[in-house]
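Going down the list, the sequences are from chains X and Y. Quick note on numbering: the first sequence equals residues 4 to 800 in our numbering. Quick note on numbering: the second sequence equals residues 22 to 135 in our numbering.
Some hints here could point you the wrong way.
Computed far set for chain X versus chain Y, every beta-carbon distance over 12 Å [claimed, not checked]:
#1 L166
#2 S218
#3 S305
#4 L381
#5 E531
#6 R539
#7 G598
#8 C673
The calculated lysine-lysine pairs, modelled on PhoX-like cross-linking and capped at a C-alpha distance of 20 Å, are [said to hold, decoys possible]:
#9 Y:K116 with X:K515
#10 Y:K76 with X:K600
#11 Y:K98 with X:K551
Honestly, the hints are just simulated from the structure, not real lab data. All C-beta atoms, glycine included, are put in the ideal place defined by N, C-alpha and C.
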Amino acid sequence: MAGIGTLEQILKLTRAFDITVYGAEPYPNYNRIQLSYVLEGSKTVQDIIMNDRSWYEENGISLHTGASITRIDTSDKRVYTAEGESADYDVLILATGSKPFVLPVPGADKEGVIGFRDIADCNTMIEASKSFKKAAVIGGGLLGLEAAKGLVQLGMDTTVVHLFDTLMERQLDAVSAGMLKAELERQGIKFAMGKKTVALTGEDRVTGLRFQDGSELEADLVVMAAGIVPNAELAKASGIETKRGILVDDFLQTSVPDVYAVGECCEHRGVCYGLVAPLYEQGTVLAKKIAAVETAPYTGSSVSTKLKISGVDVFSAGEFAETEKHRVLRNHDDWKGTYKKVLLEGNRIVGAVLYGDVTDSALLARSIREGKNMTDDLYSELFGGGGCCEGKAKSTGVEAMADEEIVCGCNGVTKGAIVKGIREEGWDSVERIKACTGATRSCGGCKPLVEQLLQYTLGEKFDGAAAKKTGICGCTTLGRDEIVATIREKRLTHVREVMHVLGWNEPEGCSKCRPAINYYLGMIWPKEHEDEKDSRFVNERLHGNIQKDSTFSVIPRMYGGVTSPDELRKIADVADKYDVKMVKVTGGQRLDLLGVKKEDLPAIWADLGMPSGYGYAKSLRTVKTCVGSQFCRFGTQDSISMGMELEHRYERLWMPAKFKMAVNGCPRNCAESGTKDIGIVGNDGGWEIFVGGNGGIKLRGADSLCKVKTDEDLIDICDAFIQYYRENANYAERTSDFVERVGLESVRQAVVEDKIGRVKLIGKLDEALDGLRDPWQEVVQDEEVRLKLYRPVTAGK
Amino acid sequence: MPTITTKTTVVPLGPIEQFPAGFGREVLAAGCRIAVFRTTDGGLYALENRTPHPKGGTLAEAIVSGHFIYCPIRDLKISLETGLVQAPDKGEVWKFEIRETKDGNVELALAIAL
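Looking at chain Y on its own, in the form it has when it is part of the complex (with noise of 0.2 Å):
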């Protein structure tokens, strides 16, 4: 049976200052493009920068209300919390964790199947 093997790396993204609240941004690390969502209560969130719809397409750009985004494109609501499409639309988007470190900078981690 073939063993994977992941290993998960902190990625450094630099000062908590470029993620305005209530926005999106697009983050490329390692390859691939993570949108990383601030809340106005001050959460951090990240998914991977495309919506689950079968046609495609980014949710950096979504409107953001509480914990949810509304995908720009289709206008699909999806949990930041659990990356569960909300009914009656359905689908998932891949989760990351992210976090703000004591001096105010952004760390991801990314798991890297080896």
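If we strip away everything but chain X, and leave its shape as in the complex, we get (with noise of 0.2 Å):
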């Protein structure tokens, strides 16, 4: 990564140079921070690779890969292969990385025991977690804590070993390290604290390790993570100067003229860097270096330390145990789970570390590099102004960023070099300017600080001015906006026509935008448009939830979640007519058919004369209720029959995405509002009412949008916000990416404030709710979508 970072560096500055690139490993250059996800399987090699072979190729490098140089001859200016090849340099750039350190311990060149440095490595892992059960990581580093949750998410009863009594311990205080070894323990990995490793046991695969004070610990895989050695022995061997790493001055220069070493290799005044960041400040200046560009030296790296394993943030930069030299800010909260420490040296901020929220982590780390002083304004910002609710809002920080200072740790690339980008070549969203710098490429973890920078230069025009860019999908360039509102303009009323006039590149579209245009169509044109099946996706033309044996799953409407003997009996004997592979309760408190053949949804639906209870479709789902006033002893709502009266006003309604509605008639809440499109709360004089929520792929929290006294109230709001939502709302989009778009505050304008705005969203709604059929009932008396749609053709009849 260092190497290559350093050669795309170079490459911005001149072309005058023939390039060419030996790696050892069978791979281009990948993202060695992200072998974790390969580990856990969420990426695959191919995902990590940052430079592919054509980068290589367009670029005039010539690659060598899975070749190994074995001899560097400085005086003659020439490398050698193993397999003898030899190339002659003007200019030579070592980055041979590192390697994990080898417990110097009898066993450890038993089989199942490796480091956790490269693909292969990664690899070792999947393989042995197929066939063995425990796995032990020896280091309580970043790296093992890295390796240890990988292994977990492999199915394998994992243990990490440490030396010492604390995690992460050259990163976190006690209490830090504390709360990160619990939340781990949750996620299932455990610990062997204060343990030294004497042995690796085991035949020729290990068995097992012997600690120190002679108890042992079973393993048939044992990945050790407890540091890295620069890998210097080729320059070593080669005369160049060495100690722990190659040896290198403030220009990244070797003992030798025209031998360069860059990254986890090299040793600079005395410090070998294992993190990312310091890579490529050294390629920085390594890269200025050898194109002759005028460059200051490198001085070294403040360097911060961020975990990343999912439901784990930590944060440490600069000094973290505190002594008697230094004041203390502390706020530690058991309740939320958060920890927040920031070291002074008198006034001089130098170190801190942060546990559960990380938000302040850029300030920190900038305010630690630069040496700050705490101000009243920089406490306030990160403690609080001291009052409860109502502390100033807090900046988001780019504001105050340095022009020069680092956004992407990764690549090396600045704010500067961003902000001049959005503002003189007009990049405008997150895709281009990792196209154009490489930011958000590599970890990601800048991605929220690059959406500010966008945001903070383009003001207002950042939305409206990505959604332009970027079209629906890859047939146009034209954003949902446009599109709609030529529909209105022109008053088109076919998808193909909307296609045709908008200039498609592809004349019938595609998957993406077919259906969305189909729905705007809808949405727009209640009355004339005709809805056009064959731009539906087969759930919505088929009207059933198409299953990955492309059978379908049947969910007949029960209103509010309540059901009767004489329902339960038809579903029961349904389920044993058509053979039904399974009956389950859905997570809307409905009841699932599942495993029906396509041919016999028409005769099931008949024969449940129920209908559809749309669960497969981009519109109302379920209402789901508590017992509410009417059984419940703290019910204070007949949340059961408002719930009832709602699922009856809004079902088979089209919307831009499924729709998920809750109705509670107490804060208990047990029918959980919090996580639904719209979820209502009774109280003893109304209803809260609550929008935006999300329990699935994006979990979040609904925000309240009013409160309301009677019934009435309560329909008609909902039927404005549904209704603002069917209007302006991206196909595809749930209400709670909507509202975070839109904001609560304009949702609550038109809903809530704008009486005549309301007024207008009802008449729309009811204008839409008008003349909606069951489609279930419509296809039982339609023979010949019976015949077309369902059943196959048998040849010869």
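With the hints as a guide, bring the two chains together.
Structure representation (structure tokens):
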């Protein structure tokens, strides 16, 4: 990563060099930071390759993978490969990286003992997890913990063995380390703390570890993650000065002229770095030096650490252990599970540790690097104004960043470079910035910061501009708003007409845009537009949810989740008659008949005689209810009746995305309003309405929209919110994203405050609701549809 | 060396009206499940009714766009002309010959190994 990072920098400065790259691994350069993703299976090797072979071709770089250099003749200026090939150079960059430190204990060479450094190690671990159960990771630092998490994810019983009593002892204090350990234990990692490994046991393959205190631990796989050692042998053997690593000066030059070293293999002012940001800082200086561009010397890096394990946010920078010379600002919240500690020397900020909430990490890293003094403003930014809830709004921090400050630590991209690109080159999206600078391409941790920079630089224009450039799919460059505006202005009424008039580059569109246009047409012209089945995704065309084996699921409507013995008997009879594979209660309080053959669907619907529950559609799915005042001793409102009424009202209405509701009889909220598109909570004097909740892909608690006193007002607000969402959301955009995009205040203004607007919205909704029919019974009654959409053609008949 | 002999039979599928433009339909013929698509320009195409994706699934319910379909289960884009799955996905679907006769009937060619 360091080597190719340097080349990228050089290419930006000059094209004067013929470049050849030798790498011992069989892959082009990949993102080592993301190896843990390969291990847990969320990414493939291909995904983490940073520069694929075509990049090398495009830049005229000759790439030799699987070719290790075994000798450098520095006087003759030639390198030799293991295969005996050789090549000469004018300038040589060594970027040989590092290898895991293998503990010098007996048995370290046994089968099943590995490091966690490259793709081969990942593969070994993945293979081992298939036939073995127990794993041990030696080392409770960053790398060890990431490896352990990956192994747990692979289903292995994993123990982290650590020499010290606290984890990440070089970055965390005892409190944060304790919080981290508790969280990781919750995620399934076991720990053996304060244990010194003295031997690995077993015959050919490792079977366990023996500790100094005489105790033992069983393990079929041992991962050594106790540190790294710079790969300096080649340099040493070639007569280049080395200590722990290859010695370099402030311009990354080794003891030999025209030979440079960069990254984890080198040692600068007595320090060997094992984190990514310094590598890029070194690469930037080295590139300028080689391209003969004036540069300030590299004087070392101030490192900060972030652990990237899901559900664990840890940050550490500068000094972390308090001593007598420090003043300590500390906020330890066991309720929220957060910890924040800032160390001052005099007034100067010299170190910080964050756990649980790392929002302030960029601000702190910068303050520490620049040796800033603590001020009242900074204090209130970090620790709140001292009031309870009304502390001043937090600034995002990007305004305060200096231009030369690094935003993307992985690729060494500064704030100045990004802001300049946004202003002068018209970059208007994260994707664009990623393509032009590499920022966000590696670990992705800086994406929020890049978004903030876009927001900060473009202001109001940010969203609009981004939507404009990226079309709704590959068939067009037009965004949703332009398409909807044209449909209205030109009174377009057919999907094909829209694609034609707006100059689609695929005349018949694709599976992304066709359903979207069909929705927009239906939303804009509820009366005139005739639903176009050929532009519907299979589920909405056939009114069932297609399963992995191409059978369908059938969920009949049960208003408010209330059923009856008669209904249950009918469902049971149908399940028997059609040999339904499974009857399941859904997450939304309905019954799902799974494994139904396509040709049986119309007959099942006829036998059930119940309306479609739309458990397959971008439409109202369910209104979940609690028992409420009809039976519950706590109930203050009749949530069941209200839930049934709302479900009757909105069923069959097409929405931008699936839509879930809940009605609760009291604030105990048993039907879980917080994760619904609309969640309603009854109280003694009326209802509170929440919107934009989501319990799925993106967990988001719903926002309180308003409180109402009467049932009529409740329905009015629901009507208006639903219609506002239908008219303004992008196709497939859930309310959780919608509310965040347009802002809760805009929603409240349109739905609650603007009374005239609300009446209009309700009028439009009534129009859309008018004339909706149950699709199942329509199919049952239409023989031609039954035949053409549900039955196969049998040859010869 | 073993020789394989195949015999191609013509299987009548009935009137063209059974195949509405812009849709696919499953056809059962000689024990095979075939997905027949009629494109909006009137073209007829027949593919094995099974996606090449390792986890399987049918194709007849796909969205038809020009001479391509979008698989109903995983949204693979497949060419009706060649049966080839389009990048970034990979794979190929078995293709059959199919035609409309002068009197408005549809015929399928099935090659059977003897």
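>> Going through the numbered hints above, which ones does this structure break? Give me the numbers in ascending order.
In response: 6 and 9
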